[in-house]
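So the sequences go chain by chain: A and B. The working numbering numbers the first residue of the first sequence as 1 and each following residue consecutively. The working numbering numbers the first residue of the second sequence as 486 and each following residue consecutively.
The set of hints was computed from the structure by calculation and includes no laboratory data. Just so we're clear, the structure is a prediction, and the values are computed from it rather than from any experiment. For every residue, glycine included, the Cβ atom is placed at its ideal position computed from N, Cα and C. One or more hints might be untrue.
Said to hold, decoys possible - Examples of chain A residues toward chain B, derived with CB under 10 Å: (1) D15; (2) V18; (3) Q136; (4) F152.
Unchecked claim - Between beta-carbon pairs, the in silico distance windows are: (5) B:G737 x A:R117: 50 to 58 Å; (6) A:P387 x B:L791: 53 to 61 Å; (7) A:A300 x B:I772: 35 to 43 Å; (8) A:G80 x B:R589: 48 to 56 Å; (9) B:E701 x A:Q82: 47 to 55 Å; (10) A:E139 x B:G737: 19 to 27 Å; (11) A:P387 x B:H761: 47 to 55 Å; (12) B:G543 x A:G80: 53 to 61 Å; (13) A:D318 x B:I772: 34 to 42 Å.
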Amino acid sequence: MTRLLVGPFNRVEGDLEVTLDIDDGRVTSARVNAPMYRGFEQILQGKNPHDALVYVPRICGICSVSQSVACARALASLGGIQPPPNGQHVTNVMLATENLADHLTHFYLFFMPDFTRPVYARQPWHAEALRRFAPQTGEQTRSAIAARQRWFTLLGTLAGKWPHTQSIEAGGSTRPVEAAERIRLLAKVREFRSFLERELFAAPLELITGLDSEQALWDWHAQDPWRGDFRLFLSMVQSAGLASLGPGPGRYLSYGAYPQPGGGFEFGSGVWLASTGSLMPLDVSGIREDATHAWLSDVAGPRHPVEGITLPDIDKPDAYTWNKAPRLAGQVIETGAIARQLAAAHPLELDAVRRHGGTVYTRVLARVLELARVVPMMENWLRQLQPNAPYCVPSPAFTEGVGVGLSEAARGSLGHWVVASRGRIANYQIVAPTTWNFSPRDKAGTPGALEQALEGALVQPGEATPVSVQHIVRSFDPCMVCTVH
Amino acid sequence: MTNPAFNVLWLQSGGCGGCSMSLLCADTTDFHGHLRDAGIHLLWHPSLSLESGHELIGLLEQIVSGQVRLDALCIEGSLLRGPHGSGRFHVLAGTGIPMIHWVRQLAAQARHVVAVGSCAAWGGVTAGGSNPTDACGLQYEDDRPGGLLGSEFRSASGLPVINIAGCPTHPGWVIDSLMALASETLGDADLDTLGRPRFYADQLVHHGCTRNEYYEYKASAEKPSDLGCMMEHRGCKGTQVHADCNTRLWNGEGSCTRGGYACIACTEPGFQEPGHPFHETPKFAGIPIGLPTDMPKAWFVALASLSKSATPRRVKLNAVADHLVVAPLARKTRLK
Ligand code: SF4
Ligand code: SF4
């Protein structure tokens with residue numbers, strides 16, 4: 001057996017280190033380390049609860065709106081208020097803008113560049129991959145950055161700035177939208193739609209969302225296998241074996257995405273189980289964070305976030321990361337676009353996961369599918385804004401009680417739990433998507449989702465940073481700064 | 486012969502990555518072309534480079550040993566000195582070495598050292614609360630000179646650390662600073678007393694704020710989403726804060742005040758602990774404590790009461806509404 005220390009992984013937010021045990025060219029065991037701690041949960045202690053809306057977006061500059069939304073929901077639940085319909089729609093538009101930008105950035109900047117590596121020099125698509133996705137020079141990489149920049153002008157209008165807006169309030173949004181502005185915003189969404197339809201899909205979004213099985217997907221792919229960046233990716237899936245690479249734990253969590261004024265979500269909530277192929281109802285009271293293998297205090301064992309403790313304990317034996325190990329009903333969970341699309345029962349994603357499980361291929365597929373599915377929803381929410389109706393209700397003084405804020409960031413389920421006492425934050429705990437996916441072992445020694453997914457990965461002779469490991473790690477689209485908040 | 490490229494290395498430590506994400510929103514149709522045309526070469530950037538793992542570590546070693554020239558070391562995120570000065574709160578992955586040691590060694594080789602964002606400049610939000618990680622900036626700890634590199638530090642160019650403060654920092658501030666450095670047009674006199682580039686720090690957020698008419702009449706917003714000036718009740722510090730946010734807009738057309746919330750002074754040292762709730766204005770005897778930078782208090786009080794008595798009805802009513810309830814009058818006669 002040999003041991004390989006791999007890191008830093010870049011193109012993710014913050015850094016990450018993985019220790020691999022390798023036998024016979026395969027990973028036999030992996031330990032995932034998030035090697036940084038900042039201490040937001042400590043920083044928030046004793047603050048005025050409303051001030052959390054200033055601090056929490058700074059947990060993460062890549063999904064800052066997601067953090068704001070989870071916080072605003074936690075405060076709304078603490079204060080017993082409900083944003084008006086305009087506030088809900090506009091918050092959904094802001095969150096969707098960020099989530100889709102993350103999917104786009106992930107695909108073009110974080111994930112695809114690995115296919116330009118010399119290990120793939122013999123592949124028929126390698127020259128094309130270089131032309132499209134080489135960092136800094138790739139044509140598609142560059143036009144994706146430009147499309148992203150234009151896309152974020154939506155948040156210039158709606159959020160004042162991105163990242164780290166303060167327009168998201170417990171009671172809605174501080175930025176009312178006038179009728180003429182709504183037209184301009186719709187035009188910007190259309191501009192992004194046309195980028196996707198021209199470059200990523202080379203097809204109308206509705207054609208993509210209408211693909212209802214793997215058969216339909218691959219038939220469409222076969223028509224012109226390199227046309228559009230998504231179909232080129234599908235060609236790589238076939239030759240790089242991505243459909244069986246990096247299997248997840250088979251349990252997928254979604255808190256539900258984009259709540260609607262009448263109740264319910266655009267993408268429903270639940271836990272999808274591969275073993276039965278069905279969706280179970282969500283019960284967040286079953287969440288426990290286990291800090292056995294984290295450099296964090298684990299007095300009194302695994303805890304629900306309402307009673308959670310986040311305190312450094314740097315010399316703890318057997319600890320190897322700053323990340324805790326969240327478990328739902330004691331079990332390892334994967335979260336992300338894949339979980340959302342399973343919970344939302346998209347037929348293509350269901351079919352693909354039933355055949356291949358959660359793998360590099362089905363994770364990326366779900367994200368790409370969301371790009372196609374969410375843009376039309378955004379057009380719809382914008383159309384529903386009522387120019388003269390309120391966007392925000394004032395917040396009460398948040399003095400006593402417990403609040404829970406659940407949301408879906410691009411990378412998956414994000415939860416904030418706040419406890420207020422005498423007008424101050426007595427406890428604030430954050431469980432981010434990457435906390436779930438990049439979890440270390442728990443007390444029973446059970447590895448986290450990525451740790452399991454890395455087992456069995458191929459290590460080719462001489463590889464110091466195995467390319468299969470790169471694909472698997474990036475397929476989860478980690479956000480380490482969220483993890484280590 | 487063309488000049489050799491201006492080599493930039495960008496590393497992240499105790500921050501959120503938001504300054505990098507903001508950078509990618511720079512106002513250009515071709516981000517990489519824009520940098521390349523300015524002679525800027527990214528040796529490595531966390532979000533934009535292919536190299537990872539051993540490839541990056543090899544590059545860092547070559548810079549430390551002087552084999553690769555480093556023109557600008559850009560650090561994003563605060564420097565985590567804890568626990569007990571060990572730096573173990575951030576160990577650079579794959580190396581076993583705390584980030585603060587890497588930064589000290591790389592800074593010693595760099596022609597310029599650039600703090601990207603308020604974390605790297607002053608410590609920022611990471612240094613908030615009890616500052617559990619003993620976070621600081623490269624050359625400041627809040628407004629106290631020192632930080633990781635010490636108040637005496639000068640990079641090879643002779644300049645102190647250049648503090649492109651902001652949380653996040655504006656992409657235009659970063660790109661303009663790097664372009665000025667690459668063309669050797671940024672000197673001591675172009676930095677303010679806190680090491681911030683004066684091209685943006687000589688402005689106030691208040692300049693160009695769309696709420697200035699409300700400000701003049703002290704017609705004030707009372708709740709979030711109201712249109713009035715946010716200085717009197719909602720914590721806006723725009724009249725005191727150094728940045729051009731309302732003239733060089735964010736993401737095409739935004740700014741904090743245009744987004745309907747207060748400027749919280751994110752370019753200023755110590756902004757993370759204002760000593761009052763962010764969205765409430767601290768007052769003494771009903772008068773805001775933080776008055777415009779260059780205005781004597783008595784004048785402010787006198788002017789405010791005078792202007793309040795003269796507030797047009799339109800301004801008074803719109804200030805406390807979330808959309809225009811009274812439009813400016815359309816007169817039939819020609820304007821004079
Ligand atoms: S809202 Fe702030 S920046 Fe705008 S006018 Fe009022 S004080 Fe000035
Ligand atoms: S308006 Fe103030 S808080 Fe907002 S970005 Fe500018 S300096 Fe920072």
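Going through the hints against the structure:
1. At its closest, the beta carbon of D15 of chain A sits 4 Å from a beta carbon of chain B; the interface hint therefore holds under the 10 Å criterion.
2. Annotation: V18 of chain A was flagged as interfacial toward chain B, and the flag holds, the nearest CB pair being 9 Å apart, inside 10 Å.
3. At its closest, the beta carbon of Q136 of chain A sits 5 Å from a beta carbon of chain B; the interface hint therefore holds under the 10 Å criterion.
4. The criterion of a C-beta within 10 Å of any C-beta in chain B is met by F152 of chain A, whose closest approach is roughly 5 Å, and the hint holds.
5. The hinted window of 50 to 58 Å between G737 of chain B and R117 of chain A is violated, with their beta carbons roughly 35 Å apart.
6. At about 36 Å, the CB distance of P387 of chain A to L791 of chain B disagrees with the hint of 53 to 61 Å.
7. In this structure the hint that A300 of chain A and I772 of chain B lie 35 to 43 Å apart at CB is violated, the actual value being about 49 Å.
8. Checked against the given bound of 48 to 56 Å, the beta carbons of G80 of chain A and R589 of chain B, roughly 51 Å apart, stay inside it.
9. Look at E701 of chain B against Q82 of chain A: about 36 Å separates their beta carbons, and that is not inside 47 to 55 Å.
10. In this structure the hint that E139 of chain A and G737 of chain B lie 19 to 27 Å apart at CB holds, the actual value being about 24 Å.
11. For the pair P387 of chain A and H761 of chain B, the supplied restraint of 47 to 55 Å is violated, since their beta-carbon distance comes to about 35 Å.
12. In this structure the supplied range 53 to 61 Å holds for G543 of chain B paired with G80 of chain A, their Cβ-Cβ distance being about 56 Å.
13. Roughly 58 Å separates the CB atoms of D318 of chain A and I772 of chain B, a value that falls outside the hinted 34 to 42 Å.
Consistency note: the structure conflicts with the earlier hints numbered 5, 6, 7, 9, 11, 13.
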